[in-house]
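Trainee: Residue-level listing of the chains:
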Amino acid sequence: KNEVEQSPQNLTAQEGEFITINCSYSVGISALHWLQQHPGGGIVSLFMLSSGKKKHGRLIATINIQEKHSSLHITASHPRDSAVYICAVKSSGDKLTFGTGTRLAVRP
Amino acid sequence: DGGITQSPKYLFRKEGQNVTLSCEQNLNHDAMYWYRQDPGQGLRLIYYSQIVNDFQKGDIAEGYSVSREKKESFPLTVTSAQKNPTAFYLCASSRGGSYNEQFFGPGTRLTVL
Numbered sequence: 170k171n172e173v174e175q176s177p178q179n180l181t182a183q184e185g186e187f188i189t190i191n192c193s194y195s196v197g198i199s200a201l202h203w204l205q206q207h208p209g210g211g212i213v214s215l216f217m218l219s220s221g222k223k224k225h226g227r228l229i230a231t232i233n234i235q236e237k238h239s240s241l242h243i244t245a246s247h248p249r250d251s252a253v254y255i256c257a258v259k260s261s262g263d264k265l266t267f268g269t270g271t272r273l274a275v276r277p
Numbered sequence: 005d006g007g008i009t010q011s012p013k014y015l016f017r018k019e020g021q022n023v024t025l026s027c028e029q030n031l032n033h034d035a036m037y038w039y040r041q042d043p044g045q046g047l048r049l050i051y052y053s054q055i056v057n058d059f060q061k062g063d064i065a066e067g068y069s070v071s072r073e074k075k076e077s078f079p080l081t082v083t084s085a086q087k088n089p090t091a092f093y094l095c096a097s098s099r100g101g102s103y104n105e106q107f108f109g110p111g112t113r114l115t116v117l
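Residue numbers (the working numbering), protein chains in the order written: chain A, 170 to 277; chain B, 5 to 117.
Bound conformation, chain B alone (with noise of 0.2 Å):
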């Protein structure tokens, strides 16, 4: 099947700690994207990459990292220095161009205890 996959679903971490998610897509999408969700706002652009070994910062890149060594995966680190890191983080991909869709994988919820 052809799809997004993130995982874990759900993932708990201590503050202080790095944690990475990650992202993996067969679609043979160029581009793909990282946002974070919280309650009662839109989704927020962390990074995104638009091909393999090139990415860029979105609207909220502090306190986290990506690399993009290869076209299907595209990981997410939340470092320590995210004040905030606790929320739903989705992943998505397309095939780049301001007319092509982007797909979502399924999410994942992070809690920082």
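One chain only, chain A, in its complex shape (with noise of 0.2 Å):
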């Protein structure tokens, strides 16, 4: 079992839906992030949280570290928004733990 699963593996949208995005890990964690891979590969980070809830723009990202569960939300869904969405813990010293992310298409 991986440390760090997320779910849905593939998700198709229609523009202008509510998304969620979840991952959940088996570890004790110092921080959270989820990060954005679009097709041409660069990776940009989205959110590094380690309690509560995170918001910049359209994008919401909340943790509940009890449960080891975090969620990544998108607002009004753009075509533009359709990548690769990855989720990675921060469980020891400086290294990350990654989740196999989760392909998201949206459709105009």
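Just so you know, these hints were derived from the structure itself, not from any lab. These numbers were taken from a predicted model, which means no experiment stands behind them. Treat the hints loosely; a few may be bogus.
Within a straight-line C-alpha distance of at most 16 Å, the following computed EDC-like cross-link-like pairs (lysine to aspartate or glutamate) qualify [as the list claims (entries may be wrong)]:
| # | chain 1 | residue 1 | chain 2 | residue 2 |
| --- | --- | --- | --- | --- |
| 1 | B | K75 | B | D34 |
| 2 | A | K264 | B | E105 |
| 3 | A | K264 | B | E73 |
| 4 | B | K61 | A | D263 |
Chain B regions said to be covered by chain A (calculated; three or more residues, Cβ under 8 Å) [stated by the list, open to error]:
| # | region |
| --- | --- |
| 5 | 42-51 |
| 6 | 109-117 |
To give a feel for the contact side, a few chain A residues facing chain B, derived at Cβ under 10 Å [claimed, not checked]:
| # | residue |
| --- | --- |
| 7 | P177 |
| 8 | L204 |
| 9 | Q206 |
| 10 | T269 |
Built from N, CA and C at the ideal position, the CB exists for glycine as well.
With the hints as a guide, bring the two chains together.
Mentor: Take a look at the structure:
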């Protein structure tokens, strides 16, 4: 069993829909990251959080430390949101453990 | 502009040849990392360095080597001992420590023919 599990693996949505991507982890962590990877391959850090909730534009990330679970929400989704979204946890030292990603396609 | 650069974006090599991937950052970050990404798998850590002239093996270091002679640079050499070198390689950097986020470069796609 992977230390970091994401669901769903693939997600297709219509433009404007509200999207939720989930991440569960099995170890104690100091921080959790949400990353975005576009088709070209480069990765952008969206959020780093250790408790509560963060919001940036149409993106919202929440984390429940007791339940070892985080969610990434996208409101009013747009085709430009199409990407792979990756959850990563920092559990020991400075190293990250990554989920396998959720591939999102938003159709116009 | 501050950021991380990796070159080249695409690299082709014949089997049995060593190849060095470049990673440079001008963010004044102490820590640097090399990851490998394969289809259907999460990123896996190859090597990391928390300070100049020091580096540690990650989860899949066999067949790879690194150096950290300058704070800005952390080149990765894929040696002929790496059994399956074709992959997408990502470099990252951070200020170091548990609460600092990592910033990623654009990646190098290596294909060994």
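Trainee: Would you mind marking each hint as holding or not holding in the structure?
Mentor: Taking the hints in turn, this is what the structure says about them:
no.	hint	result
1	K75(B) / D34(B)	holds, 7 Å
2	K264(A) / E105(B)	holds, 11 Å
3	K264(A) / E73(B)	violated, 21 Å
4	K61(B) / D263(A)	holds, 13 Å
5	42-51	holds (count 6)
6	109-117	holds (count 4)
7	P177	violated, 14 Å
8	L204	holds, 8 Å
9	Q206	holds, 9 Å
10	T269	holds, 5 Å
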